[in-house]
Amino acid sequence: MNASTSLRNGWQKVFGAGAKSERPPPGDTSHGTILYLEDISVSFDGFKALNALTLYIDAGELRCIIGPNGAGKTTMMDVITGKTRPDAGSAWFGQNTDLLTLTEPQIAEAGIGRKFQKPTVFEQHTVMENLELAVAGNKAIWSTLASPLDSRQRTHIEEVLETVCLQDRRDMRAGMLSHGQKQWLEIGMLLAQQPQLLLVDEPVAGMTPQEVERTAELLLSLAGKHSVMVVEHDMDFVRSIARKVTVLHEGHVLAEGSIDEVQNDPRVVEVYLGE
Amino acid sequence: MQTSASSNLWTRLIAGERGTQVFLALLLTVGVAVPILHLAFPEGSSLHLSTYTVTLIGKYMTYALLAIAVDLVWGYCGILSLGHAAFFALGGYAMGMYLMRQIGTRGVYGDLVLPDFMVFLNWKELPWFWYGFDMFWFAAVMVVIVPGLLALAFGWLAFRSRVTGVYLSIITQALTYALMLAFFRNDMGFGGNNGLTDFKEIVGADINASGTRVALFLASALALALGYLACRYITLSRAGRVVQAIRDAESRTRFIGYRVESYKLWVFAFSAVLAGIAGALYVPQVGIINPSEFQPINSIEVVIWVAVGGRGTLYGAVAGAVLVNYAKTYFTAALPELWLYALGTMFVIVTLFLPRGVVGLADRLTPRQRVEQAVTA
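Chain order of the listed sequences is A and B.
Residue numbers for the first sequence follow my numbering, so the first one is 83 and each next one is one higher.
Residue numbers for the second sequence follow my numbering, so the first one is 11 and each next one is one higher.
No wet-lab data here; the hints were simulated from the structure.
Please note: incorrect hints may appear among the correct ones.
Unchecked claim - Taking lysine to aspartate or glutamate and the EDC-like style, the derived pairs with C-alpha atoms no more than 20 Å apart in a straight line are: (1) A:Lys200 to A:Asp283; (2) A:Lys200 to B:Glu260; (3) A:Lys307 to A:Glu240; (4) A:Lys165 to A:Asp127; (5) A:Lys200 to A:Asp250; (6) A:Lys165 to B:Glu260; (7) A:Lys326 to A:Asp347; (8) A:Lys307 to A:Glu241; (9) A:Lys200 to B:Asp258.
Unchecked claim - A short, non-exhaustive set of chain A residues, derived as facing chain B with CB atoms under 8 Å: (10) Asp160; (11) Thr163; (12) Pro187; (13) Glu191; (14) Arg196; (15) Gln199; (16) Thr202; (17) Phe204; (18) Glu211; (19) Ala216; (20) Gln275; (21) Gln276.
Even glycine gets a Cβ: it sits at the ideal position worked out from N, Cα and C.
The task is simple: from the sequences and hints, build the whole structure.
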């Protein structure tokens, strides 16, 4: 990249100029696959967090990713969302969008939403304002400064409020919500972005059994319309939602298949019992 | 349709917040009462306000505008700028250059074009960057453009490299310090150590006349009101909520698709422009601008005003600027050697006991607020 293009990119990034033209297209899933990760390697100070990881996610699929601590689950999500750049490999969103060339906000705009392990909602903002911040639309400063939300966006927010059962909490500060409600609000914020692919990191950590059940229903209802990738430790929860499970170990895929196949795979048993 | 939209905007900006209403009502009262008390009552009458007092209140208003500018970047966007006095001083210098060129042949050396200090330095020609400053409109444009462009350039470099928190604060201090050293140099062509002073007239009016003082006072009040409403509009817009989201969780905001750097940059630049305007109104009232306005301590003081008043409310910044500066006026006259200790003590007390400043304290003491707190608790 020569100096003038790098300067222009920096200019666009910071001044937000030309934001429309540089918006990446949504993922093209005409071949039935939404995410292609091929031979991805990431190392931190010599430690290989990801080691030639290859993984495909189908359009509309609900996929669970499991694996012991340090297997590279979070690093993989960091690569997909642009937070970490891999040392080698390729990452494509649909057939047309090279994720490795995009910034974090561009990836979000292209249609990949992420829910973090620790619920991170905007605590000082109300539930409604949280969703309003997240809702899909033009996020350049001139637009947010001049115009309120349009009716389509408002309708969408109402639908999301209903989906995550927070209608009667809409004017409450997000910081006052219970832990489970924060998790749902965060899933709601993901939905408000209308992503094609949702990355959900440990959605049921710290939830009561009833909340876990409701979350499972919620995620199942999302599959089909969206592609969902769930990272979770809770095997009962995984069993209740998973069609297909991928086991990560030491930075690469150890096994893939239905939950029963995976649980009976001797290599998987060894990894989990050996812990 | 048009009227309903504009009345709607009016309701959004004013209604629903007691602090804003109180502030605007007070500003209007002062803005009307001060000129009347000064002009309508003869000197010696017990109701007469002296020119000194009119100018003092006008000066407080320019400080209040500077405080609002800092509150916008710090209280709402979380950028602790310790260099805002630099933008204030640059706006002041732009105005000072215009005022210098208005002196004309009335200077000590009586040169039509060159200000006194240039004659004294034995310069033969006006430096190129002084061109145009004989016209008021040009100076007025520079008051906005110079601080704005510097903030854009500085912010572009700093935010793009994701310099945040205390590191950003330190480089803003370095910025104002570097400017101070530069402006101290005679070769820079801004009057060096002595700065710009001995002004005679502004847009054709005698700068020391009562009427001019009142006009400058009214201009400061108007700038404060408009600056306040502009900031209030920004903070109430969706962009304002994005800015506050950046303050609370920057990387999260990035992940939901906002160009955080771009938001920070524009807020920072707008704030610098406000500071520049405040400086431009300050200089004709105090009658001098010199490099000591760039002192790092000045920028830190502004942050203290905002902290004392209560950040993230705008009207708190105004309250803080007026309170601290009134205290400063009093202390530096009565007990000059104690002023810095008093300032430090005030800052420590506010940080420890009043995290939301004096307006936070006032909120806690009003009964309406207490009921609300009881409900939410």
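Pair hint Lys326 of chain A and Asp347 of chain A, alpha-carbon separation not exceeding 20 Å: 14 Å, holds
Restraint check for Lys200 of chain A with Asp283 of chain A, where alpha carbons must lie at most 20 Å apart: With a Cα-Cα distance of about 8 Å, the restraint between Lys200 of chain A and Asp283 of chain A holds, given a limit of 20 Å.
Given pair status - Asp250 of chain A, Lys200 of chain A, alpha carbons within 20 Å: Given pair Lys200 of chain A, Asp250 of chain A is violated - Cα atoms ~24 Å apart, limit 20 Å.
Interface hint compliance - Arg196 of chain A to chain B, C-beta minimum distance less than 8 Å: 6 Å, holds
Lys165 of chain A paired with Glu260 of chain B [C-alpha distance capped at 20 Å]: 13 Å, holds
Hint check, Gln276 of chain A versus chain B [nearest Cβ-Cβ separation less than 8 Å]: Given a least distance of 11 Å, the restraint on Gln276 of chain A is violated.
Interface hint compliance - Gln199 of chain A to chain B, C-beta minimum distance less than 8 Å: 13 Å, violated
Given hint Asp258 of chain B paired with Lys200 of chain A - CA-CA distance at most 20 Å: 15 Å, holds
Minimum beta-carbon distance criterion (8 Å), Ala216 of chain A to chain B: 5 Å, holds
When the least beta-carbon distance from Gln275 of chain A to chain B is tested against 8 Å, hint result: With a closest approach of 6 Å, the Gln275 of chain A hint holds.
Residue hint Pro187 of chain A, partner chain B, criterion CB-CB below 8 Å: 5 Å, holds
Restraint status (C-alpha distance of Lys307 of chain A to Glu241 of chain A at most 20 Å): OK: Lys307 of chain A and Glu241 of chain A at ~14 Å, within 20 Å.
The structure does not agree with the numbered hints 5, 10, 15 and 21 stated previously, though it agrees with the rest.
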